[in-house]
Amino acid sequence: MPGAKEVRSKIFSVKNTQKITSAMQMVAASKMRKAQERMEHSRPYTSAMLKLIGHIARAHLEYKHPYTVERPIKNVGYIIVSTDRGLCGGLNINLFKNVLTQISEYQSKGVESSVALLGSKACNFFSKFGLKTMAHVSGMGDDPKVENLIGAVRLMLQAYNKGEIDKLCIVYNKFVNTMVQTPVIEQIIPLIPNENSSVKDDYWDYIYEPDAEQLLNTIFSRYIESVVYQGVVENLASEQAARMVAMKAATDNAERLVDDLQLVYNKARQAGITQELTEIVSGAAAV
Amino acid sequence: MAEQKEEKNQQDKTIHLRIVSAEKYIFSDNVAQVNVEGVEGGIGIYPGHSPLLTFINSSNVVYVTPSGDKRLVNVYGGVLEVQPKSVTVLVDTAIRGEDIDESLALESKRQAEAKLAKGPKDQDYSAALAELSRALSKLHAVELTRKFGHR
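Protein chains in written order, with the working numbering: chain A, 1 to 287; chain B, 1001 to 1151.
I should point out that these hints are in silico values taken from the structure, not numbers from a laboratory. Don't be surprised by glycine CBs; every beta carbon is placed ideally from N, CA and C. Take the hints with a grain of salt, since some may be wrong.
Here are a few chain A residues that face chain B, going by a calculated C-beta distance under 8 Å [said to hold, decoys possible]:
hint : residue
1    : ALA59
2    : TYR206
3    : PRO210
4    : LEU215
The calculated EDC-like cross-link candidates involving lysine to aspartate or glutamate, where the alpha carbons are at most 16 Å apart (straight line), are [as the list claims (entries may be wrong)]:
hint : chain 1 : residue 1 : chain 2 : residue 2
5    : A       : LYS74     : A       : GLU164
6    : A       : LYS31     : A       : ASP142
7    : A       : LYS267    : A       : GLU6
8    : B       : LYS1024   : A       : GLU37
9    : A       : LYS64     : A       : ASP205
10   : A       : LYS132    : A       : GLU112
11   : A       : LYS34     : B       : GLU1023
12   : A       : LYS10     : A       : GLU209
13   : A       : LYS145    : B       : GLU1023
14   : B       : LYS1024   : A       : GLU40
15   : A       : LYS109    : A       : ASP166
16   : A       : LYS167    : A       : GLU112
This is chain A alone, in the form it adopts within the complex:
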């Protein structure tokens, strides 16, 4: 049985750790609220954009933009959104595992993959796998700006235009609620036609003012920007939520540990007292 003194110092250290985790929990909770707000602000724009893109993908365009033409897939590009910091449970690992499963599935069919990594956790993880890394961005902070992301995205688009990749997907954690964040892999280009829409699959085309090429280029670049930005802010909200939950669990565990240790400490203390008493009594008896 350990001595009372050792147990007491252990309790002290666990309590210190608990203070840190509970502080982190509170910080994550307040950051999550902000991140959630940011995410909800940009959601309507992105979903309206997706609808518009779904319509465009259904039209028979006079101007064949590369993003609307499906090519046989030989190389897939992924934009992988991860967090910059750890201590957020299995959030990143679950996401990475999902991507790796898909990548190895493609690999068995002879399809190569290239990645663009956002967030330092993805950079650390994927450097081990020898995938072709086109770009990486880290240190996006709590308020990501489109300008910081756009460089990496543009590189992927250039690769698509040159034919180095034939499909571009974005991978991120979708924020469902505080307890649930689901990893998703969404195709960005080529554009996916909107399935459940009132727009018919007839042979129709838009009237363009001023001209098709200029309009479509602008719309597509806005579309990609907004989808990537949405992915990043969703992932950020997921990160804070996951961290909050993980830190809550850690705080609760520490609480339980302290309780157990307290019991051990009390027993050790009592044993010490009993021993001392026995010593005194037997000493008195000997005199």
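Once you've looked at the hints, dock chain B against the given chain A.
Leaving out everything else, chain B in the frame of chain A:
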């Protein structure tokens, strides 16, 4: 049967208008008619319009509700998509006619004019020009809203 037909008629007479800015949903409902200033000129949209795509700089989206009420939303920078049954306005910023701060718009107009007075050599000349057109369009929006009787 007659009721169904009535309902269908009602549907044919309206078009779904959706105005979304980068921050939030401004408007989403069925309307009878929409008027927009595109980059190439004004467009009047009734239900059943052919598909159309165009840019919007700074413009007032005027819509008529099925009950005949006229309202407007002042928008800036974006695209307009028309489908036979829906109109989508995707813009950077948008504000309802009723919510525009007139004194603020007047102030920014004055500032822009002061900058423009320095002549075209000034560095922020084009920015000031954009600022001025934005302020003017807002003031126009205020005027129109007043004419529609919502201020």
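Checklist entry - Any hints this thing doesn't respect? Which numbers, in order? => result 12
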